[in-house]
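Asks: Given next are the chains, with one letter for each unit.
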Amino acid sequence: MVVKNERKRYLLVEFFGQIPDKRDLVYALRNNVATLGGQLALAQSSLHVVDIMGSFAIIRATHLSRDLVEASIQLLKYNNTIPVVRSVSGTIAKTRKFHQSLISQS
Amino acid sequence: MVCSYFGPVSDHFTEVVRFLNLDPVLLELAIKDLPEGPYLSRLTLSEQSMPLKRIKRSLSHQRQSYHLLAIEPKTPATAAFAARDNRVDIVRINPRLGLTTFNARYAKRLVENDKIIEFDLSFFFNKYFAHDLRPVMRILETFHPDHIPVLLTNLPHKVEHLRSYKGLQSLGRLLGITNKQSHPKHILQRVDRNIKKIKGDIPFPGVEVHGRQE
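In order, the protein sequences belong to chains X and P.
Heads up: take any position in the first sequence, counting from 1, add 128, and you land on the working numbering.
Heads up: take any position in the second sequence, counting from 1, add 110, and you land on the working numbering.
Just chain P, same shape as in the assembly (with noise of 0.2 Å):
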């Protein structure tokens, strides 16, 4: 099972990675800081934290430090750039964004460029969740994820949130955005193409080396 955690690690955390029997984990964390484990890392660049020009300047840089890199687009113009750059494996879904950029037409763009998307379903863990619901409930009407592999995630910040992939699954199903796609295999699939381009085997789309001496 995946999951994505993007708090602070501890010794308590390797507990409840054990008890919710996922393997790996997607720790949103800087690879020298990884624990020992079965353990992923991801970055997820936000254009609140940088302009969009910084994120295409330092994505080639870090395309060789992390397993999977994610986007989560706060203006049309960074959604269009996540959907069609080679080195994006992640789109999180913003529903703010509505639906002049989450339409039909982005979802086939998505499916043509490999893309996984990423639903954040920390609303539900709100005690009044209709008003966030409400936008994502109209971009699904029109995105139809059907062909595209999805990434469910509550975005959870302490160990105490995390949740088996198999229960936000669950949530996933009351908004029927769990289907096939949203195995996990997808996920490690590309973690797996990723970890070959970081060593180099894979030096172009396409083309794989097989036997590579270093």
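This is chain X alone, in the form it adopts within the complex (with noise of 0.2 Å):
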């Protein structure tokens, strides 16, 4: 039987002030994601922190709720950290790519 995988879209979120810990982070994100969208939201977004590099984050969700999911971001209150959303991809290799472009230029 064919199974096609679900969309993935990866979005890279960068950080000014304290930088979160991976546990705060998905904590914070998935009780926002609730607060928003309800449990049901939720479970369809497939939330996950990937990787904390530096004061840059990225976070998996499915691509129909990505919007969901970016809103929550901006939602984030974490000892007045202020995220941003710097790019959102289909691939966790163009994230890295786009993360590593992004440290060379500054």
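It is worth saying that the hints were derived from the structure and are not from the lab.
Fair warning: this is a prediction, and the values are worked out from it, not measured in the lab.
One should not assume that every hint holds.
For the chain P half of the interface with chain X, some residues (derived, Cβ under 10 Å), not all of them [said to hold, decoys possible]: (1) ARG215; (2) PHE235; (3) HIS271; (4) GLY277; (5) LEU281; (6) VAL317.
Just so you know, even glycine gets a beta-carbon here, dropped at the ideal spot from N, CA and C.
Starting from two chains that each stand alone, build the complex the way the hints lay out.
Replies: Pasting the structure below:
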């Protein structure tokens, strides 16, 4: 039986101020997604913090819940940290490449 | 990207603006207090601070000092005045006035008079916002902002509350108010036109003077 994989989106998020640790970030994002869309939306979003690299984080979600996850990132409240979504991509390789290019620019 | 900011400006502010790639920012400040940089000034008149009579009187004077003039109506009379007056650029939607004011007819009037509508999304930042969101949803059911330029804001009074315009657009997308009309270029076009008006290059609506010598 052929099962089509669900389409993913990888969001590269940069933080200004104190950088949250992975556990806090996951907890806060899950909370926000559940507040905005409910538990069903949270389950459908397949939300996962892939990696935290310095002031950047890679967050994975399904392409259908991308808007919801992007909105919940904006609502993040963690010691006055300001999050900004730098890029959204369909592959993690591209996201990492973009991250490298951002680092090399700065 | 255009974002509104209503709080005090500090060195930290410049850093945050650079981080968020905001270019330019709409600051609610007097022009003399404006810091150096690509910032624009806006004035928001609210009935809480002055009655409608005083708002009407002060508009002509303020038009010469600020890049954008906004009105936050608290009564239907002010909402009607804000929709028809040529000096007003932005009308902030006040969900408390409800459907009796913000209906399809009002939206049509805003389109005719070339106004920008401002949606306050600050309620999203509260823990429980369904109570505040409900009146907005009711207004949006009949008040289709498809043909009106939209400015999204979260009324940041602290630097830490500033968000990128794309971030606000993602919040607006949940309500269905983020479309081509919510692009910041509409606001920048309006600012360009107002700068020309302040300089005196547009003496009457529809008339533009080129190559005027001082």
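Asks: If a hint holds in the structure, say so; if it doesn't, say that too.
Replies: Quick rundown of the hints versus the structure:
1. ARG215: 31 Å, violated
2. PHE235: 6 Å, holds
3. HIS271: With a minimum Cβ separation of about 9 Å from chain X (threshold 10 Å), the hint on HIS271/P holds.
4. GLY277: 4 Å, holds
5. LEU281: 5 Å, holds
6. VAL317: At 42 Å from the nearest chain X Cβ, VAL317/P fails the 10 Å test, so the hint is violated.
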